[in-house]
Amino acid sequence: GNSVTQMEGPVTLSEEAFLTINCTYTATGYPSLFWYVQYPGEGLQLLLKATKADDKGSNKGFEATYRKETTSFHLEKGSVQVSDSAVYFCALSEDLQMIKAAGNKLTFGGGTRVLVKP
Amino acid sequence: EAGVAQSPRYKIIEKRQSVAFWCNPISGHATLYWYQQILGQGPKLLIQFQNNGVVDDSQLPKDRFSAERLKGVDSTLKIQPAKLEDSAVYLCASSRRGGDEKLFFGSGTQLSVL
Chain Z
673 GNSVTQMEGP VTLSEEAFLT INCTYTATGY PSLFWYVQYP GEGLQLLLKA TKADDKGSNK
733 GFEATYRKET TSFHLEKGSV QVSDSAVYFC ALSEDLQMIK AAGNKLTFGG GTRVLVKP
Chain B
-8 EAGVAQSPRY KIIEKRQSVA FWCNPISGHA TLYWYQQILG QGPKLLIQFQ NNGVVDDSQL
52 PKDRFSAERL KGVDSTLKIQ PAKLEDSAVY LCASSRRGGD EKLFFGSGTQ LSVL
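For the record, the sequence lines run as chains Z and B.
Residue numbering for the first sequence follows our numbering, starting at 673 and increasing by one per position.
Residue numbering for the second sequence follows our numbering, starting at -8 and increasing by one per position.
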């Protein structure tokens, strides 16, 4: 079955530091890949996504590239802010044909807590 | 547009008691999901509905968990009887019909079983 493995946290950084969160996956077919973020006291929110190999998703200064050859989708940000403190989840979806038939079903990694200090 | 609504926000019960959670998805969203998020772990899918039909309940512990979505809109998840290991945040999410990949999540119900 599908699975997602991401680096364990917590990751503690100073403001303006570079952030990388590693994510690798195992899946059948051609899944889409996602990063979701959970800010303190809030629900999960989609941060970015990529739907095919070599696609780059980006949002709010975060980027991740769909690497099929290494089955990876690492999240990066060049200069983090205190407001980026949150838990980040890597996730993958079913193959697109499955999604069209019956909606999406996400498989999540365990989450990585990021704490940015001023 | 209004987001996914869940209630209650918190619930504390003793083991062997029963509990129910309610979810109202975004208007017009055909697909509804219940996820269980144990502390320190990623969310795990419990059940997925398409309108009022069950698409996937393979990870739902059916001896104690049940869920329904009678009119294809709001949904209820029940646990009876609860065990200590059911302590978790229960997340509801919804998405549009027809392959829209974005899931919208509610804030969740935090359950503590003592």
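Incorrect hints may have been included.
[To be verified] Below, computed lysine-lysine pairings styled on PhoX-like, alpha-carbon distance capped at 20 Å:
1) B:Lys74 - B:Lys2
2) B:Lys74 - Z:Lys777
3) Z:Lys732 - B:Lys93
4) Z:Lys732 - Z:Lys777
5) B:Lys69 - Z:Lys728
6) B:Lys62 - B:Lys35
7) Z:Lys789 - Z:Lys777
8) B:Lys6 - B:Lys53
9) Z:Lys777 - B:Lys6
10) B:Lys93 - Z:Lys721
11) Z:Lys724 - Z:Lys789
12) B:Lys93 - Z:Lys724
13) Z:Lys724 - Z:Lys740
14) B:Lys93 - B:Lys74
15) Z:Lys777 - Z:Lys721
16) B:Lys35 - B:Lys74
17) B:Lys69 - B:Lys6
18) Z:Lys732 - Z:Lys721
Calculated directly from the structure, the hints in this document are not laboratory data.
Bear in mind the structure is a predicted one, so any value in this text is a computation, not a measurement.
Status of each hint after checking the structure:
| no. | hint | verdict |
| --- | --- | --- |
| 1 | B:Lys74 - B:Lys2 | 14 Å, holds |
| 2 | B:Lys74 - Z:Lys777 | 26 Å, violated |
| 3 | Z:Lys732 - B:Lys93 | 17 Å, holds |
| 4 | Z:Lys732 - Z:Lys777 | 25 Å, violated |
| 5 | B:Lys69 - Z:Lys728 | 40 Å, violated |
| 6 | B:Lys62 - B:Lys35 | 25 Å, violated |
| 7 | Z:Lys789 - Z:Lys777 | 35 Å, violated |
| 8 | B:Lys6 - B:Lys53 | 17 Å, holds |
| 9 | Z:Lys777 - B:Lys6 | 30 Å, violated |
| 10 | B:Lys93 - Z:Lys721 | 9 Å, holds |
| 11 | Z:Lys724 - Z:Lys789 | 35 Å, violated |
| 12 | B:Lys93 - Z:Lys724 | 16 Å, holds |
| 13 | Z:Lys724 - Z:Lys740 | 8 Å, holds |
| 14 | B:Lys93 - B:Lys74 | 32 Å, violated |
| 15 | Z:Lys777 - Z:Lys721 | 14 Å, holds |
| 16 | B:Lys35 - B:Lys74 | 17 Å, holds |
| 17 | B:Lys69 - B:Lys6 | 14 Å, holds |
| 18 | Z:Lys732 - Z:Lys721 | 13 Å, holds |
In terms of the numbered hints stated before, the structure departs from hints 2, 4, 5, 6, 7, 9, 11 and 14, listed from lowest to highest.
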